[in-house]
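*Asks:* Based on the hints, put chains H, Y and G in the right spot on chain B.
Letter by letter, the chains look like this.
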Amino acid sequence: MNFDLSEEQRLLADSLGGYLGKRYDRDAGDRTHWSALAELGVIGAFFDPTRGGFGGSAFDVAVVFEQIGRAVAIEPFLGTLMAGTAMGDDVPEALVTGTELFAFAHQEAALRHDPDTVLTTAVPDGAGWRLTGHKGPVRGIEQADHIVVTSIGPTGLASFLVDPASEGVSIRGYPMIDGGRGGELVLDNTPARLVGPKDGASAIARTLMIGTVALCWEAVGIMDHLRDATLDYMRIRTQFGRAIGSFQVLQHRMADLAIDIEQARSAAINAAAAIDAGRRDAARVVSAAKYTIGTTGTRVAEESIQIHGGIAMTWEFPSSLHAKRLIQIGQEHGDADHHLARFVALAAA
Amino acid sequence: MNFDLSEEQRLLADSLGGYLGKRYDRDAGDRTHWSALAELGVIGAFFDPTRGGFGGSAFDVAVVFEQIGRAVAIEPFLGTLMAGTAMGDDVPEALVTGTELFAFAHQEAALRHDPDTVLTTAVPDGAGWRLTGHKGPVRGIEQADHIVVTSIGPTGLASFLVDPASEGVSIRGYPMIDGGRGGELVLDNTPARLVGPKDGASAIARTLMIGTVALCWEAVGIMDHLRDATLDYMRIRTQFGRAIGSFQVLQHRMADLAIDIEQARSAAINAAAAIDAGRRDAARVVSAAKYTIGTTGTRVAEESIQIHGGIAMTWEFPSSLHAKRLIQIGQEHGDADHHLARFVALAAA
Amino acid sequence: MNLELSPSELQFRDEVRAFLKAELPKRLSDKVRDLKRLTKADYEEWHSILNRRGWLAVSWPAEWGGTGWSVIQRYIFEVEAAAAHAPRVVAFGVSMFAAVVLRYGTQAQKERWLPRILDGSDWWCQGFSEPGAGSDLAGLRTTAVRDGDDYIVNGQKTWTTFGHFANKIFCLVRTDPAAKKQEGISFLAIDMDTPGVELRPIILLDGEHEVNEVFFTDVRVPADNLVGEENAGWTYAKYLLAHERTGTALIGESTAALARLKAIVATETKAGKPLSQDPLFAARLARVEIELANLTTTNLRMLIRSDSSAASMADSAMLKIRGTEVRQQITALVREAAGPYAAPFRLDALEEGFNGEPVGPDYAAAAMPDYLNHRKLTIYAGSNEVQREIIASAALELPRR
Amino acid sequence: MNLELSPSELQFRDEVRAFLKAELPKRLSDKVRDLKRLTKADYEEWHSILNRRGWLAVSWPAEWGGTGWSVIQRYIFEVEAAAAHAPRVVAFGVSMFAAVVLRYGTQAQKERWLPRILDGSDWWCQGFSEPGAGSDLAGLRTTAVRDGDDYIVNGQKTWTTFGHFANKIFCLVRTDPAAKKQEGISFLAIDMDTPGVELRPIILLDGEHEVNEVFFTDVRVPADNLVGEENAGWTYAKYLLAHERTGTALIGESTAALARLKAIVATETKAGKPLSQDPLFAARLARVEIELANLTTTNLRMLIRSDSSAASMADSAMLKIRGTEVRQQITALVREAAGPYAAPFRLDALEEGFNGEPVGPDYAAAAMPDYLNHRKLTIYAGSNEVQREIIASAALELPRR
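Chains as they are written, first to last, in numbering that gives the first Met the number 0: chain B, 0 to 348; chain H, 0 to 348; chain Y, 0 to 400; chain G, 0 to 400.
Don't read these hints as lab results, they were simulated from the structure.
One thing to keep in mind: the hints can contain errors.
[To be verified] Using C-beta positions, here's what the derived DEER-type ranges look like:
1) G:Glu3 <-> H:Ser169: 54 to 62 Å
2) B:Thr313 <-> H:Glu6: 51 to 59 Å
3) B:Thr116 <-> Y:Glu356: 18 to 26 Å
[To be verified] One side only, chain H facing chain B, incomplete, derived with CB under 10 Å:
4) Ser14
5) Ser165
6) Phe246
7) Val248
8) Leu249
9) His251
10) Arg252
Glycine residues also receive a C-beta, built at the ideal position from the N, C-alpha and C atoms.
Only chain B is shown next, with the shape it has when bound in the complex:
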C-alpha cells in the first residue's frame, strides 16, 4: 500500500502545474500551448512505452488531470486521452506527439442520459466503412484533425477514424459554459476506417472508464482550488466588523466540505487503483467515484458561490469557470444518479 506519487509523476505534476499556473493562456486560440504541453510530457503520460508514451497507468492520467482541474485548462486533453485509448495499438504518433489534434465522439445527441449507449451505425464499404449518426456535444470537434467515432457495426461496438473533411460530415460549433468549444457532429454515410483492438466494445468500455476517472481527477483539482480560494476569501472579507471566516456557521460548513473533498479524493484514488490493479469490480469502483464527485462537486461549487456572495455571481469572479466546470463534470459521462444506480446494478452482477 502506497499513497505516494512516483518521482516521475511528481516531476510531471510540478512542471505541468507551473506551466498552467504561470504561462498558460486559455484564450490563445492556437496550438502553441498544446505543443508546449506535449513537450512537457502531458500526452506521453497517457500511454505506455509500446504506444510511444512513458506512462499509461490510471494514476499517470490522474496526475495530469488534477493539474488541468486546478487551472481549468481547455486544451483537448480528454479527447486526446480517450481517442488514443480507444485506438489501442493503432494510436498514431501524431497524437502522442501533439502534432495533430484528435476528438473523441461518443456521446449521442439523442441519448443524453445513456452515456454507454450508441445509435450511430457503421456499414462496410469496400475496404472501409460508412458511418451515419449524430454525436454531440463533442469537445474540440472544430479544431480536430481527426475524429474517433464510436459506432455499431455488424460485429458490435467499435471505434472508427473519420477525417473531418470527408463527405457527409457536418460540424456545428459553439462555445461551452465551462470554457473552450464543442460542437455537434452529424455523419451521413461518411467514409471511415476501423481502428482499435478487435474487441471494440471492451476497448470502448475501457476508454469510457479511463475517461471517467480523468474527469474525477479533474474535479479533485477543481475542488482543491475552490476550497482554498473560498478559505482565502473568508480570511480577508469582513462583514459585521470581522472576517467572515470567523463565523462559526461558515467554519462548520467548510469543515464538512473539507471532509467531503478528502473523501472525493479518496474515491478518485480508489477508482484509479482499481483500474491499475485490474480489479474485476473496477467499473463499480469507478461508478462510486463518479457518484461521489458528482454530488460533492456540486456542493463544493454551490457553497463556494454562496460563501463568496455577490462577487461570485459575476462574470469576472476568478473562480467562476472552476465552479461551472465542476458542476458540468457532475452531469457528463453519466450523472450521480446514473452512477449510483450503476453501482447498485453492478453489485448484483
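*Replies:* For chains H, Y and G alone, kept in the frame of chain B given last:
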C-alpha cells in the same frame, strides 16, 4: 380558506392538553384515564353524530392526536380510531363511550414493508367466519376487549370482529420501545364476525388513511415539544462560559429545523384538508405528509438528542420517549421511502 | 380548518384567469415560458396593461390607485399570473419604494412620485448594497452631507438590478458618520440623470446584464428628496424588507417552474423511458414537489396571520429561506435533465426571435444560465445566513451570547 | 500509488485470520454478531486470549509487551477482528491510560501499572467528563488538594463507561483553582476501592447499564498516583485524545456492520422482493457503502501520513466525524429494515442464552437499542461540533474572530 380551529376543537384541545399535561399518568396501568379521556370527548371527536360522536372530520382527529403527541400518551387512541372507522356504521356504543377497549389488527408479521397488504384469510363458517393469520405488532392487543382484524375473504378485503377469548386466538405481549405495550396476534381458524361497510376494501383504505393522518399529527405534537424542549435547554445549558444557545452553529441548525417543523405541520394540514374535502388525490397528499413526517421527524429527534448531548442518552431524559416515539412513527404505516414511492406512483395513476 | 377557496375567492380567480387570457400578450408569455431574456420594453408593456386594469399596485390603498386586495387575493393573482407565464412585476418602484413613501413620505412626496410609478414615467431602482456592505447592510459608507437645501452624495452602490433601465434610485446613505452604525442612515431618492451619477454594468456569471454598479461623485440632491426623518433610514429599510411578503416564498414562480420541469422530464428519456420514471430522479422530483406543496400551505398560514397581526420578521425569513431553496432545486433539476446539453453556452438562443437551430433539446440553452442566475436568490435581499440569524433571535429567542 | 497489500502485509493478514479462526471462541463471536450484550467476563476472556498471543497492546513498544506493529498492521488487525466478530478491546486501560503512562509516567509507574493491564489485574476506567463539563471538558470542577503525601479529591465525574467493571480510574482534576481553565488541571490515577469513591449507574436510553457517575468525597490519593507534572494534565489529555487514531474512523466495526446490514436486507422483503432491490433503499445503502469505501482510503492515507509526520489533530477530527456518521447511518438502516418490528422492546432477547421465541425477524430485537445507543458516537469523545472547531482552526486556519 381558513386555518383556525373551530370553537369546539379549541376547547377540546385545551381540555385534553390540560388533562394530559397535569393529571395523566402513563404508568397507571388501568382504565381510569381512558374513561376520563372518553368523558372529555376524545373518542367522540373521532366519529360523526350518526355514529354516536360529535366530530368525525380529519381535523377533529388531528386536534386530538396533536395533544397525544405532546404528552406521548399511550392509551389506545389509534386502535380505537381505526377499529371504529373500519366498522363504519357498525361501530358499537361501547367503543365510542370508552367502556370497552378495541384493538385494530392489520399490520402483518410477515409483511413489514407492505403496510397495505394482508395475508390473513377469512373463510365462511355458517353465519360467521373463521380467520387464520399472524398479525403484529398490534398495539394494545393484551388489554383489548375486542379486536378488529383485516382479512382476505372470498369477496376481497374486509374487517372482522374477533373476541380475544375465542378458540384459536393466541396473543404474545411485550413492551414497546416508545411506551405502552403491543403484541403478536396469531389466529388459527378463529371464529369472527364480518363488520363494516359492504365495500370492505375501501373502508379499510379509508381507515389506513385516517390512521396515517392521525400518526402525522401525533408527530407534529411531538416535534413541537422537542423543539421547545431543545430551545429551553439551549438557553440554560452553558459550555465554554456561555449558553449553548448562543453558538451560531446551533442557532442556524435550529432555524432550519424550525422551518422543517413548520413544513411538517403544513403537510399534516394538507393531508387532513384533502380528506375532509374528499379530494380525489387525497391518498397522494397523505403520502406526501407521511413522507415529510418521516424524514423531518427523524431529523428532529436526532438533532434534539445531539444538542442535548449526554443527558439525552439517558433513560431519565424527560424527552426520551418523545424522541423514540417520533422515530418509530417514521417507520410505521409505511416509512418515508414507501410513501415517497407511493406519491410518485399515485401521480401516474 | 380548510384549504378550499371560498366562492368569492373562486370568482376572483376566474376573473384573474379571464384577464390573463384576454390581456397577456402571447409574445410576452412565450418569452417568459421559454426563459428568454426580457427587455425594458417588455416589462413596461406588461406594467402598462396591469395599470390599465388597475392591478399594478396590489399592495397600495385604493385611494392611491391600489387594488385593496386581501393577502389571499394577492396570492391568487401571483400564482395565476405565474402559471400564465406573465412577466414579473418589477418590485423596486411599485412595491418597495412605494411602500416606504406610503408609510413615511409626505403628502407632497406621494403626489409627486406615486402616480409616475403607475403610469410608467419613473422606473425606480435600489441603491442599498455596497462593495463592503452586503450581508452587513448597515456597514454602508456612501455619505450625504447637508449643504443648504441639498445633500451632497458621494460613494458607490452595487448589485443595482435594472439600474440601466431606471431613471430614479432610492438609496440608503450615511448622514451622521459619528452615530452608531444603524443610527446615522437616511433614505434618499435620487434622479439618475443628476450630474455625478455614473452607472457601470456588471455582467453576471450567466453572461447576463442585469445588475450594475452606481457611482456618486459630488451628486447634489434636493433635501426634499429625503423620505421620512434624517438618520431614521434604517427603520424604513427594515420596514421595506419585511413589508411585502406575498411573493417572498416564490410560490407562483416555483409552481410554474415545477410544471415546466415535469413537462421536460416527461419527454427527456433515460434507457428508453421518460426520465420522470427513473426511480432516483422521480424521487428527487417528488421531494421538491412535496416541499413546495408544504411551503404553499406554510406561506398561506403565515400570510393570513400577518393579515391579522403584526408582520413577523421570522415568518418572512422562513419563507425566504425555504422558498429560495425550492426555487433553486427546480433550476438544478432542469440543469440535470439537460445533462451534457447544459454545457453549450448559447446566449443568442435566449434572445427573442432567435431562429437558429437549437443545440440539443429546446429547453437546454436556458438550463445552465437559469440555474446559475438563480444562485443569487440565497445571497441577495438578506442572505439566507442572515435570515437564519433573524429566526434564531426573533422566533427562537436564543441568546445573543 | 496503489492500494494493494504488500506480500508481507498479506502474510500478516493471513496470520491474523488464522489466529482468529483458532482462538476466537464461537460463543463470543456469536454474541458479538447478534449484538448481544457482553459481560465483564466476556471482555476479560478475549483480552486474555489476545494477551497470550502478545496482541493485546497493539500500540505499546515491544519492551513493555507491545506488538510494535505499523499502522497498516494495526489497521489490518482491526478490520479482520471486526469481520470475525471479535469483541472490542476495551480501550481505557490498554490504549488510553497506557499511552499517557508510557509517554509521561515514571519508570516506577510503568512497572507498577502496565503489566497489570496486560494480565487483566486492573480494569481502568476514565474520569474526564463532569455534569457541567461535557464538550467544554476544561470546565471541570473536581478538585485535588495536596495534603502531605496525598491529594484529597472531591467532586463528581460522569459518563464513566464500564466504571462498574473497573477497579481503577484515571481522572482529570483541578489542582490549581486560581489558574486559567486549562492550566490548573492534573492527571491522577485513583483506586476505585478507596474510601469516599462512590459509583452510581446511569441507565441509557436503550435500557443498558454501560456508563456511570462516580462521586468523590474526601478521597485520599497518594501523590505518586499523579502522572506527569502537576497542572500539566491538559496536555496529557490532549495527547491521549489525538494519540490513538487507528480506530477513530471505526472502519472495522462499520465494515462488519455493513456486511450484516446487507445480509439482513437481502432477506427482508418489500412487495415480494428483497428490500435490497427497492430502488430507494438500495440507493441509501449504496451511499453508505460508497462513503465507507471512501473513508477506508481516507483513513489509510491519514494513518500513513501520521506514521511519517506529527499526528494531526485535524485528521483525527475528520476521521471521527465521518466515521461516526457512517456508523450511525448503518444502525439507522438496520432500524428501518426492521420497520414496525423495531418497536417491541425486548431487553431479555439481548442476553446470552435467550431461548424465547423472537418477535419479528431475529435481528429486530437489537435494531432500535443499537441505533439509540450509537447516538452517543457523535456526542462523546469530543462532540462532532467540537471536532469541526478543531478542523476550522487547525486545518482550515480560519480566524478565531
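*Asks:* Could you tell me which of the hints above the structure violates, numbers in ascending order?
*Replies:* As far as the earlier hints go, 4, 5 are violated by this structure, in ascending order.
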